[in-house]
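Asker: One letter stands for each residue in the lines below.
2 protein chains.
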Amino acid sequence: MRYSRLFPKSSKQFSQEAILASHRLLSQAGYIKESVAGRYYLLPLGLRVQQKIQQIIKEEMDKAGYQELLTPILHPISLWKETKRTASVGFELMTVHDRNNSEFVLGGTAEEMLVDLVRKYQISYKDLPINLYQFSTKFRDELRAKGGLLRLREFVMKDAYSFAANEEDFIKEYKQMWQTYLKIFERLGLLVTVIESDNGYIGGEYCHEFVVPQESGESRYFISADGSYAAHEDVAKIRLENKNIDEPEKPLEKVDATRGSTMEDGAKFHNLPLWRELKNVLFVDENGRFILAVIRGDLDVNETKLTHVSKVYLLRHATDEEIIDLVRSFPGFISPVGIKNGLDKDLKMIIVADESLYTVKNAYSGANEKDKDYLNINMNRDFKADVIGDIAAAFEGATAPSGAGVLTAKKGIEVGNIFQLGFYYSKKMTDATFFDKEGKPQPYYMGCYGIGLARTMATVVEEHHDQNGIIWPESIAPYRVHLIGLDLNDKEILSRAEKIYDSLCAQGIEVLFDDRVGVSAGEKFSNADLIGIPVRAVISKRTEDKLEIKKRDQKQTQFIPLKEIFKYL
Amino acid sequence: MRYSRLFPKSSKQFSQEAILASHRLLSQAGYIKESVAGRYYLLPLGLRVQQKIQQIIKEEMDKAGYQELLTPILHPISLWKETKRTASVGFELMTVHDRNNSEFVLGGTAEEMLVDLVRKYQISYKDLPINLYQFSTKFRDELRAKGGLLRLREFVMKDAYSFAANEEDFIKEYKQMWQTYLKIFERLGLLVTVIESDNGYIGGEYCHEFVVPQESGESRYFISADGSYAAHEDVAKIRLENKNIDEPEKPLEKVDATRGSTMEDGAKFHNLPLWRELKNVLFVDENGRFILAVIRGDLDVNETKLTHVSKVYLLRHATDEEIIDLVRSFPGFISPVGIKNGLDKDLKMIIVADESLYTVKNAYSGANEKDKDYLNINMNRDFKADVIGDIAAAFEGATAPSGAGVLTAKKGIEVGNIFQLGFYYSKKMTDATFFDKEGKPQPYYMGCYGIGLARTMATVVEEHHDQNGIIWPESIAPYRVHLIGLDLNDKEILSRAEKIYDSLCAQGIEVLFDDRVGVSAGEKFSNADLIGIPVRAVISKRTEDKLEIKKRDQKQTQFIPLKEIFKYL
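These protein sequence lines map, in sequence, to chains A and G. Heads up: the first sequence begins at 1 in this note's numbering, then just goes up one per residue. Heads up: the second sequence begins at 1 in this note's numbering, then just goes up one per residue.
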């Protein structure tokens, strides 16, 4: 490719919003251009990189026995209604009507479409496992879309789906995909950490995220000192020590407590440890029901865990007015003890207790009226939780669940994920079955697996750049060699440069040839650094019958005779 | 690929709606599966074919100097409003709102997006021509979508856009793309005819369609005996002979005419030739305005031509009630003479005369009241046309415009098209300019160029099949060799088959290996015929150390020793 013909040229300008290196460098070097927030043009250079990423993923998926296909982008909404995901996905889902008033979902993930496809055929146990994948444009109606390619509303995703006869066979698929992902990210020049993660609206019982540790990432996770435990903050577990569990239960007592409304105010007033206090946080779910989360005072509630344990989709904090007028309690003095008694009749509430309450006795908290506290609260005796589960937020310094050292918090970019789906889809959708050996229909045991291509590209740039520009790994660089011609006014040098360009191309080497006349050496060099092609080769008056070679990730240059250039490359 | 693992297997079932061979064969052989009308899954076999078509197009586009990029699928509607195409495209356009209430068009073509991209950069005349293309999913909200891949509501299209400094440079691009298309279709095994065609809602002044002559096609066109003239019926011109043009104009006369309402009734009643009668057809446009089309009685009005000449988007025939109550004329007795006098004040009408009226004098027609006719009507003396243009439908046996013989009507499948756009977009959109040598901003002179991939695939099947199945050209066959193992219960034969499969794969030859045990030879053979891979290679007890080779498009088989198979292939 001749740089003189390339659209567009690099530019020094960039948006003030481009805080991340990948956003700024990819924009300046001419890889991407924003259309509107979260929607980008992939320019010729950018598309080349994305295609190479796609090719690497394809090779590894094919090796793993997956078969590539392509589903429509518009999914009949009836399928999403079968699984009720129209409700769970909420505002991230875009829908559109056609002229016949049929409604479609703009695909964000394609589980229903794949199940609908597979169930159109008579599948026998002999046909399983079926492993299918595609590269296709996905839509996410994100509330905020900043950060260039790291959070997009529209992007090409590799999404794969496995259909197995049973859990055992599925686990083989899951492990194989895990290994396949490790190979893919290694070839892409990314060092990933695999963490347990939350399945969001995908469904299923467990899943893993492949993250690249990066301060610019949006995934916060905890990792044990020895690395044996790593989990996203939304699912990270901690080991809790027992506190005063051997103490005998004392009688419940209601006392005056003219104090402030914080947890610390309570601890100070009673001169008791924070862990003995109950932290009571009142939420409202998507149906207007109150959810009272109760947790040990030294811990925090993780809202994602709380939604799962409560089986709700959306949570918001209750307002002071709701606490006073509807629940008849008081901010800062909420207590699970007797709280449902004050509730208006037409309102509903569930109490969700964290497992940490098993580690404490004779706790204290408010008494649902101003300046009154209860002492010696004991779960089951003084109040009943509707649900008991893990709703505690992990924190730095906590003990890993295995007991293997303390947890450290890290941030990373999520570049891929793998999900166990189990029967989540196949039991919700009719006829999503195969025939077993006895000829009886059985639901498929499923999994799904995703990698976003553009975000992967941006992550590679976050990992591989310096102050002058991008430093592409050879595997996905848009070109292998950046040939720079200097002194091209000199016809003899021009002809030499053209000849070397032609012969590199003829050898199948991908070359970007800066053939511009009247552009300074300095500009061409800084341009090359910005674009980040692995090998820079300069031809000029000075180089005679050699090429001056510099690798993008090294400082020194060396002169290679033209004849030896192929051997060198 | 092992056939035992392939998803899905071929099936004898097919939809009753699959009338076309391509629809039926691609469905049965497992290349495609319908999701809902007009939206198809491309299954692993089908996607392989589409990818090969894509690769051929890409190679030829790259050779022609075009650069591949990728635009978002969702186009901000503001861009389509800039060019007013939201009005002209009408119901084929789908739009969607995001959660922030921004409205987007689901891309059907991407002219606005490309102009919007290019105008984001400072383009100099030195940067031109800029040639960009993409492969991306397009959406057309077609009223009817039948016929498998021939009329889709969602499909991958190669769309290309050229930006030139002036018409002269553009014409070079246009000619080059024409040649590029010829090469592409030749490589795909398609014999195309290039015809002048209508630009629909794309805009611009002229365009060409690449059609494959086929009875199943939806494009009707006319071609001269020597092939030097070929044009879609919507634009096809004919050479008109002068009739009684030398006759002196006689005085206009209103006469009683108790006759029927057809053209023939008039000719019979007056005993005058049909060509001397005026055919008056009353339409209503999208704004409720009347359009009176006037043409020589022996010709028909082509509505597409009429929309262009009248500069309207949509036409419908006026009803009898409208003719009587609003226009104060009478069905079968409409005349351009004085017709506007009867019209209600708040109504508008334009008279559009066909150029054929220049070839006739002293014509006759109705007189805007029942059973009254005018004789000796002469345009300009007795009525004035608001517009005079070519609105005549071509017909078989008419003379080609060049005079080169008579026209024959044919049908074909449109597989590609190329459009001159001129300044249509660059003058409607602000700042769609480059800087000329004097540094002055000038609008780009544009063109655009499309090929639908799935329709191309279906067209190849329409052209290349027999009663048993598809016969793929080697260039786009999903696999090169269909290896069939028979007698695989015999371990020695199985091992020989596996060995030959492995060694073919190792040589980079794409093989579909029917490794199924317990399936009859007959079923495997008919399966192979259906799928249509160019070379069938059988290994069985009977073949010993040879392979029994049969080409899909030939009848005879031959035995090739295993050792010579690579040489043979």
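Since the hints were made in silico from the structure, they are not lab data. Every value quoted in this text rests on a predicted model; they were computed, and no experiment measured them. Treat the hints with care, as some may be off.
Treat identical chains as interchangeable: a pair holds within one or across any two.
Here are the computed lysine to any residue pairs in the SDA-like style, where the Cα-Cα straight-line distance is at most 25 Å [stated by the list, open to error]:
#1 Lys33 <-> Pro129
#2 Lys9 <-> Asp431
#3 Lys120 <-> Lys243
#4 Lys126 <-> Lys550
#5 Lys9 <-> Ala64
#6 Lys63 <-> Ser475
#7 Lys384 <-> Pro129
#8 Lys33 <-> Asp431
#9 Lys340 <-> His317
#10 Lys440 <-> Ser402
#11 Lys567 <-> Gly260
#12 Lys499 <-> Thr543
#13 Lys126 <-> Asn489
#14 Lys63 <-> Ala506
#15 Lys268 <-> Ile323
#16 Lys33 <-> Lys428
#17 Lys524 <-> Pro129
#18 Lys555 <-> Val36
Asker: Under a CA distance limit of 25 Å, which applies to Lys499 and Thr543: within one copy, between copies, both, or neither?
Answerer: Answer is within; shortest intra-copy Cα gap is 15 Å, inter-copy 53 Å.
Asker: With 25 Å as the alpha-carbon cut-off, assign the pair Lys120 and Lys243 to within, between, both or neither.
Answerer: neither (57 Å within a copy, 64 Å between copies)
Asker: Under a CA distance limit of 25 Å, which applies to Lys524 and Pro129: within one copy, between copies, both, or neither?
Answerer: between (53 Å within a copy, 23 Å between copies)
Asker: Which holds for Lys340 with His317 at a C-alpha limit of 25 Å: within a copy, between copies, both or neither?
Answerer: within (18 Å within a copy, 71 Å between copies)
Asker: Could you figure out if Lys33 and Asp431 sit no more than 25 Å apart (CA to CA) within one copy, between two copies, both or neither?
Answerer: Cα proximity of Lys33 and Asp431: across copies only (17 Å, versus 45 Å in one copy).
Asker: Is it within, between, both or neither when you check Lys126 against Lys550 at 25 Å Cα-Cα?
Answerer: The answer is neither: 56 Å in one copy and 30 Å across copies each exceed 25 Å.
Asker: If the cutoff is 25 Å on CA atoms, where do Lys63 and Ala506 land: within, between, both or neither? Let me know, please.
Answerer: between (30 Å within a copy, 14 Å between copies)
Asker: Check Lys9 against Ala64 for me: Cα-Cα at most 25 Å, and say if that holds within a copy, between copies, both or neither.
Answerer: Answer is between; shortest inter-copy Cα gap is 20 Å, intra-copy 39 Å.
Asker: Please work out whether the CA atoms of Lys63 and Ser475 approach to 25 Å or closer within one copy, between two copies, in both situations, or in neither?
Answerer: Both, since 18 Å and 24 Å are each at most 25 Å.
Asker: Please sort Lys440 with Ser402 into within, between, both or neither, judging by C-alpha distance up to 25 Å.
Answerer: neither (41 Å within a copy, 71 Å between copies)
Asker: Checking Lys33 and Pro129: alpha-carbon separation at most 25 Å within a copy, between copies, both or neither?
Answerer: between (41 Å within a copy, 20 Å between copies)
Asker: For the identical chains here, do Lys9 and Asp431 meet the 25 Å Cα criterion within one copy, between copies, both, or neither?
Answerer: between (54 Å within a copy, 19 Å between copies)
When the structure is compared with the earlier hints, violations turn up for hints 3, 4, 7, 10, 11 and 18 and for no others.
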